[in-house]
Amino acid sequence: MPKNILINYKNINFSYKDVQILFDINITIKKGESVAIVGHNGAGKTTLIKLLIGVLEPNSGTINSTHYIQTNKLSFMPEHSALYGHLSGIELMHYFAELKGVGFKDIDKILKLVKIDFAMYKKISQYSKGMKQRLMLAQALLSDPEILILDEPYSGLDPSSRRLFSYILQDLSAKGKSIILSSHTLEGLTDIVDNVIFMKKGRVALSGKIKTVIDNLDLNDKIKLTLDKESSADKIIKSIQHLITSHMLSHNKLTLFYKTTNNIEILRTIVNIASIQDIDINKANVNDAYYLIYDKL
Amino acid sequence: MSNPILTICVREIKNTINNHYLLGMTLLLATLSLFLVLLSDTSFSGSGVNNLSMQITSLSSLSIFFIPLMALFLSYDSIVGESEQGSLLLMLSYPIKRHQFILGKFFANWISLSIAIVLGYCSILLLLSFGSNLTIKFTYASFGLIYTSILLGGIFTAMALLVSVVVVQRSTAIIYCIAIWLFFVIFFDMLLLIVLTSEYGYIISADMLSNILLFNPIDMFRIISVGDQGNNLLPLHSLSNVVVFSQFILTLSMLIWIIAPLIYAIYLLRGKNL
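First to last, the protein sequences are chains A and B.
Mapping to our numbering: the first sequence position 209 is 462, numbers consecutive.
Mapping to our numbering: the second sequence position 85 is 681, numbers consecutive.
Be careful, since some hints might not be right.
To be verified - For lysine-lysine, the following DSS-like pairs were computed, each having C-alpha atoms within a straight-line distance of at most 30 Å:
| id | chain 1 | residue 1 | chain 2 | residue 2 |
| --- | --- | --- | --- | --- |
| 1 | B | Lys610 | A | Lys382 |
| 2 | A | Lys376 | B | Lys610 |
| 3 | A | Lys283 | A | Lys536 |
| 4 | A | Lys385 | B | Lys610 |
| 5 | A | Lys368 | B | Lys610 |
| 6 | A | Lys464 | A | Lys284 |
| 7 | A | Lys454 | A | Lys477 |
| 8 | B | Lys693 | A | Lys326 |
| 9 | A | Lys477 | A | Lys488 |
| 10 | A | Lys454 | A | Lys464 |
| 11 | B | Lys868 | A | Lys382 |
| 12 | A | Lys482 | A | Lys462 |
| 13 | B | Lys610 | A | Lys365 |
| 14 | B | Lys610 | A | Lys284 |
| 15 | B | Lys610 | A | Lys375 |
| 16 | A | Lys283 | B | Lys693 |
| 17 | A | Lys430 | A | Lys283 |
| 18 | A | Lys358 | B | Lys610 |
| 19 | A | Lys283 | A | Lys362 |
| 20 | A | Lys430 | A | Lys475 |
| 21 | A | Lys375 | A | Lys362 |
| 22 | A | Lys491 | A | Lys453 |
| 23 | A | Lys488 | A | Lys475 |
| 24 | A | Lys284 | A | Lys375 |
| 25 | B | Lys868 | B | Lys610 |
| 26 | B | Lys868 | A | Lys326 |
| 27 | A | Lys430 | B | Lys693 |
| 28 | A | Lys428 | A | Lys326 |
| 29 | B | Lys868 | A | Lys453 |
| 30 | A | Lys385 | B | Lys733 |
As the list claims (entries may be wrong) - Going by beta-carbon spacing under 7 Å, a handful of chain B positions derived as facing chain A:
| id | residue |
| --- | --- |
| 31 | Gly682 |
| 32 | Phe779 |
| 33 | Leu870 |
Stated by the list, open to error - Here are the in silico distance ranges between beta carbons for each label pair:
| id | chain 1 | residue 1 | chain 2 | residue 2 | range |
| --- | --- | --- | --- | --- | --- |
| 34 | B | Arg866 | A | Thr315 | 52 to 60 Å |
| 35 | B | Arg766 | A | Gln323 | 22 to 30 Å |
| 36 | B | Phe844 | A | Lys375 | 49 to 57 Å |
| 37 | A | Gly409 | B | Arg866 | 30 to 38 Å |
| 38 | B | Leu722 | A | Lys376 | 34 to 42 Å |
| 39 | A | Lys376 | B | Ile808 | 44 to 52 Å |
| 40 | A | Gly356 | B | Phe661 | 43 to 51 Å |
It is worth saying that the hints were derived from the structure and are not from the lab.
Even for Gly, the Cβ is constructed at its ideal location relative to N, Cα and C.
Given the sequences, and given the hints that come with them, work out the whole structure.
The following block contains the structure:
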């Protein structure tokens, strides 16, 4: 196995009580790469995460990975705040540090980083959900891991905690740490991860670099036009029919879907023949890819 | 690198201290045992029954009823509780082997219970020593009782941990633990007695009965802890005559009763789908 390969899963199948949950999973993650595992509820994301952290073993397939499972190279943050409410934040961090066999010296720094230091002596049962999530992230950062696996890290977070999480994860990613996270959506994750695995009904529906995935899907860009009363939508559509793939009209709002290569010509034609109140141009993005995969594929 | 078993064990013992379980168990044992000792001291003084026998038998009955119950309730949610709140998944992603997790929990709960047993029963010795009622024989017999009570606590702690691995909900674990307590403390001997006194009683020979008693840790505890003191009390005297095993074999059997459920719990946790 090449040295830069961190995780290499080939033809992995997993079933529980005669129900197959994962089908023929192939994943390769290189050192320093960050990946989002995206999918609906029941797509198999959490099961895949459990395989990655080593608490489940596949029924068949080949795993060629760097030895990271149950070592301090790996840290995991579960979806639900798996914390002991009767302990204070600092007691919990000491407990986890002892279990990881790392010292206590970085605990204060980490608690400051996740902005929970002000409540470190409070009982965890008194923490809000966001505070608990931040403490979960803090425990994951304890051993300065090479791989950080997070199951739905943004679930139920308020905007300020979301921003804090994004900032911390971006920073870790920039430092060359591998981040693997699961999510229902890719929204807000493109700054953190460069690769995506779309899961659908226990299978990898699509995977690769985010940009490549979008390009390969041949997605449409779109222009949303708010037309003046005197402008005729029919006239616009007729004149650019050969350049667009589809359109939607609702009152004076016209949305045109087209391939990126045609954008300049479309805009020029519209400006020449129509009177427009407002124009909004949207490049195809990961969310379009998401909807295409889950609604159409 | 610290030892995960020790780390988990220390954390759990601190928990039993902080949530006053340890204090509660100690007070319960101390109060009830003192009450029983004082009661047996007065009620049977003129009955011809040896006072020491009566006191030790009363205390062993206390152990039989309360120690399994305390052990089961201390440990029933050790694993299933962690699983329900999601911390089991997190813990097992740490550099902790599954057997270390179970052993850490087991030793913590067993040690906590043992501290309660030692403090609870030793408090009677202390109180009796103030009134000059403490004899060497009673002290010796009490230490024997403490030792076997600790073993009994270990057995039911191990059983509770096994239940905690098997079930997926705390509420189910409670039901299983109550069933275990009822079976070993009440029904096992009751069923045995029914069979022995029925027309089919001849099927069970004395040797077979002796072997059957090894399947109930409560009976083993009763035989070891009461020992010679039971010779003055008719049912226990009969029991001592029936059992052909030495104290060593009986103690070893109790240890097996601790180890076997633990090994099975570890085996099941290894294959458990989290």
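(request) Hint by hint, work out which the structure violates, then give me just those numbers in ascending order. (result) Those not satisfied are hints 7, 12, 14, 20, 22, 24, 30, 32, 34.
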